[in-house]
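A.B. asks: Residue numbers are given in this note's numbering: position 230 of the sequence shown equals residue 230, and the series is strictly consecutive.
Incorrect hints may have been included.
[To be verified] Label pairs and their in silico Cβ distance ranges:
id : residue 1 : residue 2 : range
1  : 49        : 170       : 50 to 60 Å
2  : 225       : 68        : 57 to 67 Å
3  : 127       : 152       : 18 to 28 Å
4  : 167       : 111       : 26 to 36 Å
5  : 127       : 52        : 36 to 46 Å
6  : 222       : 90        : 50 to 60 Å
7  : 222       : 65        : 49 to 59 Å
[What the hints assert, rightly or not] The calculated lysine-lysine pairs, modelled on DSS-like cross-linking and capped at a C-alpha distance of 25 Å, are:
id : residue 1 : residue 2
8  : 98        : 36
9  : 98        : 146
10 : 132       : 146
I should point out that these hints are in silico values taken from the structure, not numbers from a laboratory.
Think of the CB as a built atom: it goes at the ideal place given N, C-alpha and C, for glycine as much as any other residue.
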Amino acid sequence: MSTTTAAPGANGAADPPTEPARRGRRARAPKARMTKMQRREALTGILFISPWIVGFLVFTLGAMVYSLVISFSRYQLATDTARPIGFANYQQLIEDPKIVTALGNTLYYAVLAVPLEVMLALGLAMLLNSAKRGAGFFRTVFYLPKMTPVVATASVFLLLLNGSQGAINRGLAAIGIEGPQWLLDPAWVKPSIVLMTLWGVAGTMVIFLAALQNVPRDLYEAASLDGAGAGRRFWNVTLPMISPAVFFNVLVLTIAAFQIFDQAFLLFHRQTGAGTSDASLFYAIYLFDQAFRQFNFGFAAAMAWLLFLIILVISLIQMRVGNRFVYYESEDAK
1 MSTTTAAPGA
11 NGAADPPTEP
21 ARRGRRARAP
31 KARMTKMQRR
41 EALTGILFIS
51 PWIVGFLVFT
61 LGAMVYSLVI
71 SFSRYQLATD
81 TARPIGFANY
91 QQLIEDPKIV
101 TALGNTLYYA
111 VLAVPLEVML
121 ALGLAMLLNS
131 AKRGAGFFRT
141 VFYLPKMTPV
151 VATASVFLLL
161 LNGSQGAINR
171 GLAAIGIEGP
181 QWLLDPAWVK
191 PSIVLMTLWG
201 VAGTMVIFLA
211 ALQNVPRDLY
221 EAASLDGAGA
231 GRRFWNVTLP
241 MISPAVFFNV
251 LVLTIAAFQI
261 FDQAFLLFHR
271 QTGAGTSDAS
281 LFYAIYLFDQ
291 AFRQFNFGFA
301 AAMAWLLFLI
311 ILVISLIQMR
321 VGNRFVYYES
331 EDAK
């Protein structure tokens, strides 16, 4: 069995250790211990974030573990007992036709809302980025809708989307277009919710604005000297440089779209049994109905875990595909 010990040389002295031996010696070197001051700083940091740690363990991780347990049970709120029933709740997910309807409505909304939110937010951010005077004023004005409570926004849109007296249909009638019954026609229910969602696009706009302001000006100057027009500068300079922000916004908006609840609930489901047929039955709405109206907490927990797995799979696919098209400036430094 060979060893890494060097054999003595001709003069009786040991030869210097070989490079593999040096690497092995360095690999076995003991790690430096934390000083007393470093341990004190680490303990202080942990104490400062301990309220968040406790809250996460109790209200997030603990709630997730508990929901996983009751998803395999028939949980009755009145008796506060959970009777194990195996995979019956998950089997019911497959057999319940409303699950397919709710997932289809949610997917339809996500495909419609996410691209529109990204394009509108990017357009507004580019307008603000090019503003010379009054930029601060317009940023405040554009961000104000985001600060409006969702309940107030829903009340406004109930008036705007009224089929006969709403301001939107009146505006369409002024140019000779007959407006639809936004809140009654099943074909227009989801577009009406998308319109309400676009009202609060300012959060996405701010992220795009920050990304646009970090694009180096000399890239635009070089592109202009090469004869690139506005469209080519946007496609070959702006879009690649802000691609991390685009990817982040698409990922976050997709996750939010699959959890759509507030807008649909306030417009169509505030009263028990309300809603326009099944056109406004989103997955989170049906989950809420099962948990807090039907008190079927076991089935609702199984629905929640199915939604978690769907979002996880879609997010992983987006990350796998999106990373091929995202440009990170730090990659050039490698």
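A.B. asks: A separate judgement is required for each hint: does it hold in the structure or not?
C.D. replies: Going down the list of hints, with the structure as the test:
1. 49 - 170: 50 to 60 Å: holds (53 Å)
2. 225 - 68: 57 to 67 Å: holds (60 Å)
3. 127 - 152: 18 to 28 Å: holds (26 Å)
4. 167 - 111: 26 to 36 Å: holds (28 Å)
5. 127 - 52: 36 to 46 Å: Holds: the Cβ-Cβ distance is about 38 Å, inside 36 to 46 Å.
6. 222 - 90: 50 to 60 Å: holds (57 Å)
7. 222 - 65: 49 to 59 Å: holds (55 Å)
8. 98 - 36: violated (60 Å)
9. 98 - 146: violated (32 Å)
10. 132 - 146: holds (24 Å)
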